[in-house]
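Asks: Using the hints, position chain B against chain A.
Residue strings, one per chain:
2 protein chains.
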Amino acid sequence: MNKTFNYSTMKVGIIGGGQLGKIMAQKAKKMGFHVTILDPTLNCPAAQVSDKQIIGGFHDPEKLAQLVNENDVTTFELEHVDTSILKKMFDEGKNIYPSPYLIELIQDKYKQKELLDKKGIPVPAYKKVDTKACLESFGFPVIQKARKGGYDGKGVVLLKTKDDLSKAIEAESFIEELVDIQKEIAVMVARNIEGEISCYPVVEMLFDERVNICDIVIAPARIEESLRKEIEDISIKCIEALDGVGIFGVELFLTKDNKILVNEIAPRPHNSGHYTIESCLTSQFEQLIRAVTNLPLGSTKLISPSAMVNLLGEEGYNGEPVIEGIHEALEIPGLSFHFYGKKETSPFRKMGHITVLDESLEEALKKAQIAKEILKVKGSVKL
Amino acid sequence: MNKTFNYSTMKVGIIGGGQLGKIMAQKAKKMGFHVTILDPTLNCPAAQVSDKQIIGGFHDPEKLAQLVNENDVTTFELEHVDTSILKKMFDEGKNIYPSPYLIELIQDKYKQKELLDKKGIPVPAYKKVDTKACLESFGFPVIQKARKGGYDGKGVVLLKTKDDLSKAIEAESFIEELVDIQKEIAVMVARNIEGEISCYPVVEMLFDERVNICDIVIAPARIEESLRKEIEDISIKCIEALDGVGIFGVELFLTKDNKILVNEIAPRPHNSGHYTIESCLTSQFEQLIRAVTNLPLGSTKLISPSAMVNLLGEEGYNGEPVIEGIHEALEIPGLSFHFYGKKETSPFRKMGHITVLDESLEEALKKAQIAKEILKVKGSVKL
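Chains as they are written, first to last, in my numbering: chain A, 69 to 451; chain B, 69 to 451.
Keep in mind that the hints were calculated from the coordinates and are not lab data. Incorrect hints may appear among the rest.
Any copy will do: because identical chains look the same in the list, a pair fits if it lies in one copy or spans two.
[Claimed, not checked] With a straight-line cut-off of 25 Å between C-alpha atoms, the simulated PhoX-like cross-links for lysine-lysine are:
hint, residue 1, residue 2
1, K418, K440
2, K79, K251
3, K120, K411
4, K79, K446
5, K79, K444
6, K222, K235
7, K418, K79
8, K196, K297
9, K369, K434
10, K411, K222
11, K120, K79
12, K200, K228
13, K411, K228
14, K327, K196
15, K446, K162
16, K440, K450
17, K327, K200
18, K444, K162
19, K162, K213
Isolated chain A, as found in the complex (with noise of 0.2 Å):
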C-alpha cells in the first residue's frame, strides 16, 4: 500500500468514545493532529479529549459515512460495529484501518477461529453447534461461546454436566474444549499500513473470578524464555494472517502441559495493553496511531516491570462515580492513576486504572494489588 498523507493537517476520526478512544485520541492529539469522536453518549471520556464529537450510534450508516468522509484515517476503539457502510467506502478507498472486512470477521468468534485453525495457528478444538445435539460433542464440560455479541465474559458459557443445557446460550455459538490453563497470556502487535509488524511484551493476565473480568495484568509474564519467544511468533503469525493494520490484543492460553493455544484476538487497543503507557518506549495507544496513519512503528521495549489493575465499579453502585481512596494510593510510588471520565459507575463497569511500575515485578504486583484494595468506586446511588 502506498499512502501519502500530509501530517500537517492531519484528521484521524475514531469509532468508540469510551477509555479506549480516549487515550487514542490523547495520542493522537500529542502528535498535533486533529481528532473526532462517533460515540452516541454526549460529552463521552473520548470526546472530552478530543477537536470533534458527532453524536452517532455505531450502527448508524449516516453517522459513520460522516465520520470517515471527514477525516484522512479513521479507526475503531470497538469491533461490534456496523460494517457494511464501511466496507463499501473502503473498497471505494477511504483509509480505515484495521479493514471493516477484519472487522466483520474477528465480530464472528466462529469465523476468527476458523481462519486461525486454517492458517495452522494452535487453537482450542471447537465446533459449530448447528443443533442442541452439537452441545454434547466433546461431551462435558464443555465451553459454549456466542459467535456474535459478547465481550468481558458476557457471551461465554461454561456447561459442567448434561443438565446445564438449560443454561446454554440460544443465540448462534460455537462449543470448545475446557482447556487445562495454567496461564492466560496475551500479547499487542502492531501493524503498519506497509506491513511492518511489531510485537510488545508477553503479558500475564489475572481474572476477577466472580465476572470472569481480567482484572490485573503483569508484565512481563513470568514463564520461561522458550515459551516467550513461542508465543510472539504465534501472536505475530495471527496478525498476518488476518492481513491486519492497526493494533491487536492476542489472547492466548498457556496449558498445564506449556501447549500455546489462541483464544482470540482483539482489533484494537486491549486492556492488556494498558501497561504500555508508562512501561514501554511507545503505547499500544500511540503505536495504533502510527499504525494507521502510515507512520513508522515506535520500538515496544519494556522501560521497567509493571502491574496493571483495573478499577471496576463496585458492587451496589450506580450513578456519577464516587472514587475513594485516592489519596493514600497515590502515595505508593511509581503509581500512576487513570480514571476514564465516564460519567455513570455500574457493577464491575471498567472505570479507570492503575499501573505500577517497580524495577521488581513481585513489588510492582504486590504494591498493585495494596492499591486495589485501597481503591474503591462507588456511586451516588446506593442499590
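Replies: Showing chain B alone in chain A's frame:
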C-alpha cells in the same frame, strides 16, 4: 494547609492554553478531572484537549474571576498575568496555586533575585538600574535585564562595551555580572499543598545561539556527583524560600570554576522538564496537577537517559505550520514526537518537541540531533 477536595468531581482551571497548558490538561484528564482553559485564542492547543475554554485575556479580571469561581483549583501555564483580582480571591480562600503573590514576585526578576539573595541562595552579582549611570557600575561587558515581561531570551541584552549603551533597555531593569558559564543547568522542583517537596534530575540546557532559546535538553546532566547533590540542594532551597506550591523550573549557571549560581525561576512547567513526560516515572505536568490538588507527589525517578529537542518555526515562514520529515524522524527508535497544534508558525516559535530515550545518553543526544536536522517546521506563507 488542610484542604479537602472531592476528587470524583474535581475541576481544574488553567490560565494559559499553549503547549504547557495542553500537556497539563492531558494529565489532569488522565486522572478524570474536569479541565477549563482561559486563553484569548479560540481553539488554542490546550483547549483542543480540555472540557471547556473561557475566551479571555490574562489581564481581564472578569474572566480570571470566572475561571477561579468555576473551578476547585486554578493554576498557571504562564506568569505574565494580572494578579490583582487573583490576590483578592486568594485572600478570600480560593484555591489558586502557586499563590498569585508568588506569581507577582516572580514577574519582577529583580525582586525575585533580591529575595533569593536575602535567603542565602547564590546568585550572580546584580544591581538595580535607577539611572543610566548605574549601567556602568560593574564595567563592561555586563548583562542588562528588564525587570518585567521577558521570556525566551527577550528582555535581556549584553552590553559588551560602553558603545553598546545605546542598545540598553529603556524599561525598568537591573544589571548582572557576565558569568563565565561552563554549563547552563536546570532542575524541576515540585512542592504540594502539604509542603511535600520533590526534586527531578539535574539536566543540561543547550541554546540556539541565534535567538538565545534553549533548544536541546540532556537528562541527566553530565556533571560530577558532588555538584549534582549541591545543585539539587540549592534548587530545593529556592522553592522553600518562595514557599511555592506547584512545579518550578530552577535555571542555574555552572561557572567554569564550578560555582553554582541561580539564574531565575519559572513558577510552572518548564521547557527543560519536557523530558520528564517519557523519561521519569511522573511527568512534570502530572506532578503539577498532583501538587495543586493536594495529592501526594509522584516518584521523580529517571527511567532512562534522554535528549529533548525543541521544534522551532523555521526562519522565513509564517502562516499555517507545514511540518517536514515526520516519517523519517519517527524511524528513530525511542523517539517520541510532540506537535502542539498551534494554528500559526513564526520564526523560532516553539511548535513542538521530540524526546529520544536511549540507555546511552550520548546515543540519545546523537539521535536527537539527527532528528533536529530532519524535522523542519515551515509555514504556508513564505516571508
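Asks: Work down the list of hints and note, for each, if the structure agrees.
Replies: Here's how the hints hold up against the structure:
1. K418 - K440: within (13 Å within a copy, 41 Å between copies)
2. K79 - K251: neither (40 Å within a copy, 42 Å between copies)
3. K120 - K411: both (18 Å within a copy, 16 Å between copies)
4. K79 - K446: Intra 37 Å, inter 19 Å, cutoff 25 Å: inter-copy only.
5. K79 - K444: Between copies only: 20 Å across chains, 37 Å inside a chain, cut-off 25 Å.
6. K222 - K235: Within one copy, since 13 Å is at most 25 Å while 74 Å is not.
7. K418 - K79: between (28 Å within a copy, 22 Å between copies)
8. K196 - K297: This pair counts as neither: shortest intra-copy Cα distance 32 Å, inter-copy 68 Å.
9. K369 - K434: The answer is both: 23 Å in one copy and 19 Å across copies each meet 25 Å.
10. K411 - K222: Classified as within: same-chain Cα gap 23 Å, cross-chain 45 Å, threshold 25 Å.
11. K120 - K79: both (11 Å within a copy, 21 Å between copies)
12. K200 - K228: within (16 Å within a copy, 94 Å between copies)
13. K411 - K228: neither (38 Å within a copy, 62 Å between copies)
14. K327 - K196: Result: close within a single copy only, 23 Å intra versus 77 Å inter.
15. K446 - K162: neither (43 Å within a copy, 28 Å between copies)
16. K440 - K450: Within one copy only: 21 Å inside, 56 Å across.
17. K327 - K200: neither (30 Å within a copy, 84 Å between copies)
18. K444 - K162: neither (44 Å within a copy, 29 Å between copies)
19. K162 - K213: neither (34 Å within a copy, 56 Å between copies)
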